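Read top to bottom, the protein sequences are chains L and R. Sequential numbering from 20 applies to the first sequence in the working numbering. Sequential numbering from 8 applies to the second sequence in the working numbering.
Among the hints, erroneous ones may be present.
Said to hold, decoys possible - One-sided and incomplete, this derived list gives chain R residues near chain L with beta-carbon spacing under 8 angstroms:
1) Thr89
2) Ser176
3) Ala229
Unchecked claim - Reference listing, derived: stretches of chain L covered by chain R, where coverage requires no fewer than 3 residues with Cβ under 8 angstroms from a Cβ of chain R:
4) 81-95
5) 206-214
6) 238-246
7) 405-411
8) 518-526
What the hints assert, rightly or not - Not the full set, but computed from the structure, chain L residues with beta-carbon under 8 angstroms of chain R:
9) Val34
10) Pro120
11) Gly201
12) Asn494
13) Ser498
14) Thr502
15) Lys549
16) Gly555
17) Ser632
18) Ala633
For the record, the hints were derived by calculation from the structure and aren't laboratory data. Predicted model, so just to flag it, every value in this text is computed and none were measured. Cβ atoms here follow ideal geometry from the backbone N, Cα and C, with glycine treated the same way.
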Amino acid sequence: MSDGVNTEENIAPEVERQTMEVDIACAGFGPAMGGFLTTLTREWTEHPEDPAFESKVMPGMPLQVLCYERADDIASGVSGVVTTAKGIRASFPDLNPAEIPMAADVKQERVFYLLDPVGASRRSPLLRLGDKVLKAAGSLLGVKDHAFELPWTPAFLHKHGGLVLSMGQFNQWVGSQLMGSGLVQIWPGTPVSGPIFSGKAVKGLRLTDQGVDRNGAPADGFMAGMDVLAQLTVVGDGPVGAVGQALDDHLGLPEGHARREWALGMKMVIELPEDSPLEPGTVWHSFGYPEPEIFGFLYVHPDHLVSVGIFVPSWMGDPSRTSYRYLQHYIQHPALWKYLKDGTLRSWGAKSLEESGKHGEPFLTGDGFARIGEGSGATNMLTGSGVDEGWTTGVQLGESVIELLRAGKPFTQENLAATYETRRRASWVERGAEEAKNSRNGFHGSFVKGVIGMGLAGLTGGKLSLDAHILPAHNQIASSGLTPEAAVLLALEDGRPLHDALMSARGWPEIPFDDRLLVTQQDALLLGGKVQAMPGFADHVIFRNAGLCIHCVEKTCIAMCSGQAITLGTDGAPAFEREKCIHCGACLWNCGQSPDGVHSNIEFRAGSGGLHSAEN
Amino acid sequence: MANAVHIVVCAGIVPDPLQTLEPVTGPNGPGLKNEMVLPAVLDPWAASALYEAANLAAKNPGSKVWLVSLGPKAKLQQVMMTVAQKVNFELVPIDGPIGGFPDAHSTAAILAESIAAIPGLDKAKLLLFGGWESATRGAGVTLQLVGEQLGITDQFQGVDQIDLRDYGSFEVLERVEGGKHQASVCAGTPAVLGWATGNLAEPRNNPQIGMGNMRTIMPALAKAKKAVLEPNGLRYISANLPKQQRDTRVVKDMNPDEIAAELVAWIGAE
Chain L
20 MSDGVNTEEN IAPEVERQTM EVDIACAGFG PAMGGFLTTL TREWTEHPED
70 PAFESKVMPG MPLQVLCYER ADDIASGVSG VVTTAKGIRA SFPDLNPAEI
120 PMAADVKQER VFYLLDPVGA SRRSPLLRLG DKVLKAAGSL LGVKDHAFEL
170 PWTPAFLHKH GGLVLSMGQF NQWVGSQLMG SGLVQIWPGT PVSGPIFSGK
220 AVKGLRLTDQ GVDRNGAPAD GFMAGMDVLA QLTVVGDGPV GAVGQALDDH
270 LGLPEGHARR EWALGMKMVI ELPEDSPLEP GTVWHSFGYP EPEIFGFLYV
320 HPDHLVSVGI FVPSWMGDPS RTSYRYLQHY IQHPALWKYL KDGTLRSWGA
370 KSLEESGKHG EPFLTGDGFA RIGEGSGATN MLTGSGVDEG WTTGVQLGES
420 VIELLRAGKP FTQENLAATY ETRRRASWVE RGAEEAKNSR NGFHGSFVKG
470 VIGMGLAGLT GGKLSLDAHI LPAHNQIASS GLTPEAAVLL ALEDGRPLHD
520 ALMSARGWPE IPFDDRLLVT QQDALLLGGK VQAMPGFADH VIFRNAGLCI
570 HCVEKTCIAM CSGQAITLGT DGAPAFEREK CIHCGACLWN CGQSPDGVHS
620 NIEFRAGSGG LHSAEN
Chain R
8 MANAVHIVVC AGIVPDPLQT LEPVTGPNGP GLKNEMVLPA VLDPWAASAL
58 YEAANLAAKN PGSKVWLVSL GPKAKLQQVM MTVAQKVNFE LVPIDGPIGG
108 FPDAHSTAAI LAESIAAIPG LDKAKLLLFG GWESATRGAG VTLQLVGEQL
158 GITDQFQGVD QIDLRDYGSF EVLERVEGGK HQASVCAGTP AVLGWATGNL
208 AEPRNNPQIG MGNMRTIMPA LAKAKKAVLE PNGLRYISAN LPKQQRDTRV
258 VKDMNPDEIA AELVAWIGAE
C-alpha cells in the first residue's frame, strides 16, 4: 500500500477487510456519474423485466449498482456554472429550470476587459499601454467603471440556450431522482482510497479505513475499509480523485499525454438586495483583473442570488497566487462592486480544474474499468465548459454498458473501447476537445499571446493555434526572488503569511472587512463553505519529503490553500489541518518541489469532510 | 430471548445546521427560506436514540429496530443515504410536511397510528425511543404524546443509559440537576425513553449495513403513507433564530491569561 496501489495480492495482509461483491461500483458522484446512472436507470425502469438487468453476482436479484462519494452530502458540490446544457437537455428533453433550485435559462452574455483601478496588478508594458489607450478613449469606446465591454461575444464562448446552475443543487436534483428509482444506491460520506488492481485490470474499489488517527493507524472504533469487488468500476472522481490518480500512476498516461495545466476556481454565492437590477440568467465573463492571467465570472441565479468567482491558473507562475485575497479584490472592482456592495455572503467554495483537456486524457478504458467526466480529460478549455461534457461522457458510458449487458459481453477493455470509446470519439465532446486542444498554449508565453492564441483557435475551430512547451505544474512556479531570510523577515514584519505580505508589498490595499461580504478567510470557511470533517479519518494531504518543504522558499502550497488548512509549521515545514480542508486539491499542483521529477512533493489522498454548503 | 425487545425510534429530520438558516413567514406559517433546497440530517437528539437502539438490539438477540420518520419523501430519502450506513433498522416513512411547526398533537396522532400499524410489532415488548429534545423547532412534547396515545405510561426523559436485566426489567439513567443521573428500575416493557446524548459515538459508515437496509428502505419509501397535519387552531405569533454573535478580531501576541480574562468578561456580559 506504500505506493497507494491496492492489488489482489496485497488485499488483506495487514488487517482483515470485509469484501462485498456488486455488479457495478462507481467512484465519485458528479455530473458525469449523474449522466451515467440516469441513462442506466432510465432504460432499466422502462424495461424492468429485461434479463440484462439481473445481477451476475447475486443471481435472481436486480443488478447491484453502488456509487461512493467522498463529500458528506451529494449536494455539497462546488461551483456555480453556466453550461450549454446540450447533453443535459438531451437527457431531459422537457427540462424545466424552475424544478432545479438556483437554475435559470441563460438570458444575456457579456464579456468585459477589466482595467486595474488599484494600480497593483502585474501588467506588462504592452498591457499598460493598452490600458492607457482605453482610459484615454474613455467614453468614446464605452469604458465605464474601469471596464471595457467587448462589442461582441466570441461564438465559442456563447452559452445561448444554456443554463445557469448551482452544481450542488443540480447534483441533489439528479441524485434524488436516481435514488427514487430504487435501482441504484449512492453513498455520500464514503471516500474511496483507490482501485483494486489485478495486473492492469481493475477488480473493484477499496474504501478508506475509518477509526484511525491522523497517520492512518488504527484507533478507537477502527473499521478497515471494505473491498467492494465489481465486474465494472466506473471512475468519475474528478481531477484530483484518489482512484483516478492511482490509475494514472499504475498505468501511466497514453504516449504524449501529460497533466500539466491546472486552475483553481474559487467563488462566492452572494445574496443581493431585492431591488438588484441583475436579471436571472445574466452571464458575465471577465479578464484582465485582478491580474491579467485571472479570468472571472458572474452568473445570476433566481431569488437574487449571484455566483461570482475567479480562475487562477497554473501558468500564472507567481508563487504568491493566493486566490481568496484575489477574489476579494475582484468583487471590489467598480464594475462589479456597484451591484455587489450591499450583498451578503451565502456560500463560498473552490475546486481544482484539470485544464490539460485532450492533452491530459488518460486511458479511458481497461479491463474492468472506464473513466468519465473531468478526470477523463473531458473539459473543453476553449469554451471553458466541463459539466455538460462530463454529463455526456457519462451518458455515453451508460449506453455502452446497457449494450454490453444486453449482448452478454464482459466488461473487458476491448468491449468497453468498442462501445464507450467509439461513442465518445464520434461525439461533439471529442470534436470540441480536438478544437480546444492547443487553444491555451499562448498563455505559457504571455497573457497577450494567450489571448491571441485563444482567439485563433476559437475562430478557426482549432485549425490554427500557437505552439508551446509546457512544463510540469511543479516547474511552472516561478521564484519569488527572495532569499529564505528575506522571505521570513517580510512575513514576520507583516504578521501574516508570506503571500499576503507580498501582495501588500506590491500595493494591493487591505481588505475592508465588513463581517457580511468581505470577511476573513476563516470566516468564509464557516459562514460560506460550512466546512467540517468527521473524526476518525486519516490526513489526506501528505508532505512526501519534509526536507524539501523546509528548504522551499516559495511554499506556494500555503498561498494557494483555499481553506488555510496548510500553514507554516514551527519546524519550517508546512502543517496540515484536516478540519479546514475543502478538498479543492490545489496543493497537489501548487507545490514547487518534486522528489522524483514526476510527482510534486504533496500527495493528495482520499479523505473525508469538506464543504457542506449546498448552494455552491 | 428473554430480553428480546421491539424498539421503535421516532426521529424527525432537520435542515443541516451548517447551512444558512433564515426564518420566513409564509402563507402556511413560519418556516425557513428555501427549506427544500437545504440538505437535511436526522435530528441529532433522535440520532443518539437510534444508535442506542441499535446497540441495545445487537446485545439482545431477537430484538428489532424500526425508525419512524415524518417528512417530505424526497428529504427522507436523502437522509437515508447517510443514516442507513450506520446501523440496522427498518424504516417506516410518513410522507408529510417539512419543518417543526405543525401541531404536536396532530404529529403525535399520525406517528402513533403508524406505529400501531407496524406488522409484527409486539406492543408488550415495545420500547419507544426518541429525542429528549428536538432540533425541529417542535414543542418538545411529541414523544410523550405518542406514548400516551399508545397507552404507555412508563416514560423517562433525558435518558443516557438503559440496561436490560433478567426477566424483562430494566434500569434507566435519567439526567437530573447538577450533572447527576437518577437511576430508575422499571418492571418491564412497554416504556417511552426520550434520549439525551447517550454514551455512544456516531457509528462508522458500513457499506454492508447500508446495502442491507436499502433493500427494505426504498420499497418502504415508495409506499410511504401521505400525512396531512391539522393545525388544530395552532397559530404562531412570531419565530426567531437563536441569537448569534460573531465578533472576529485578529490579535497578535496576546497571552493566555488575557484571553481567558476576556472570555470570562464576555460570558459574564451575556
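Taking the hints in turn, this is what the structure says about them:
For the restraint placing Thr89 of chain R at the interface with chain L, the shortest Cβ-Cβ distance is roughly 6 angstroms, inside the 8 angstroms limit, so the hint holds. Taking 8 angstroms as the C-beta contact cut-off toward chain L, the hint placing Ser176 of chain R at the interface is violated, the least distance being around 31 angstroms. Interface hint at Ala229 of chain R: satisfied, since its Cβ lies 6 angstroms from the closest Cβ of chain L, which is below the 8 angstroms cut-off. Under a criterion of three residues with beta carbons nearer than 8 angstroms to beta carbons of chain R, the stated coverage of the region 81-95 of chain L is upheld, 8 such residues being counted.
As drawn, the region 206-214 of chain L meets chain R at 4 residues by the rule of a beta-carbon pair under 8 angstroms; at three or more, the given contact holds. Residue count for the region 238-246 of chain L with a Cβ under 8 angstroms from a Cβ of chain R: 4. That meets the three needed, and the coverage hint holds. Restraint check on the region 405-411 of chain L versus chain R: 0 residues with Cβ-Cβ distances below 8 angstroms, three needed, restraint violated. Three residues within the 8 angstroms Cβ limit are the bar, and the region 518-526 of chain L against chain R gives 0, so the coverage statement is violated.
Contact between Val34 of chain L and chain R, as hinted, is not supported at the beta carbon level, the nearest pair being about 14 angstroms apart and thus beyond 8 angstroms. Interface hint at Pro120 of chain L: satisfied, since its Cβ lies 4 angstroms from the closest Cβ of chain R, which is below the 8 angstroms cut-off. A hinted interface residue such as Gly201 of chain L counts as satisfied when its beta carbon comes closer than 8 angstroms to some beta carbon of chain R; here the least separation is about 4 angstroms, so the hint holds. Because the smallest distance between the Cβ of Asn494 of chain L and any Cβ of chain R comes to about 35 angstroms, over 8 angstroms, the interface hint for this residue is violated.
Interface restraint check for Ser498 of chain L: the shortest CB-CB distance to chain R comes to about 29 angstroms, outside 8 angstroms, so the restraint is violated. The closest approach between the C-beta of Thr502 of chain L and any C-beta of chain R is roughly 25 angstroms, which is over the 8 angstroms cut-off, so the hint fails. Interface hint at Lys549 of chain L: satisfied, since its Cβ lies 4 angstroms from the closest Cβ of chain R, which is below the 8 angstroms cut-off. Taken as an interface hint, Gly555 of chain L checks out: its beta carbon lies about 7 angstroms from the nearest beta carbon of chain R, inside 8 angstroms.
The closest approach between the C-beta of Ser632 of chain L and any C-beta of chain R is roughly 7 angstroms, which is under the 8 angstroms cut-off, so the hint is satisfied. Nearest Cβ of chain R to the Cβ of Ala633 of chain L: about 5 angstroms, under the 8 angstroms cut. The hint holds.
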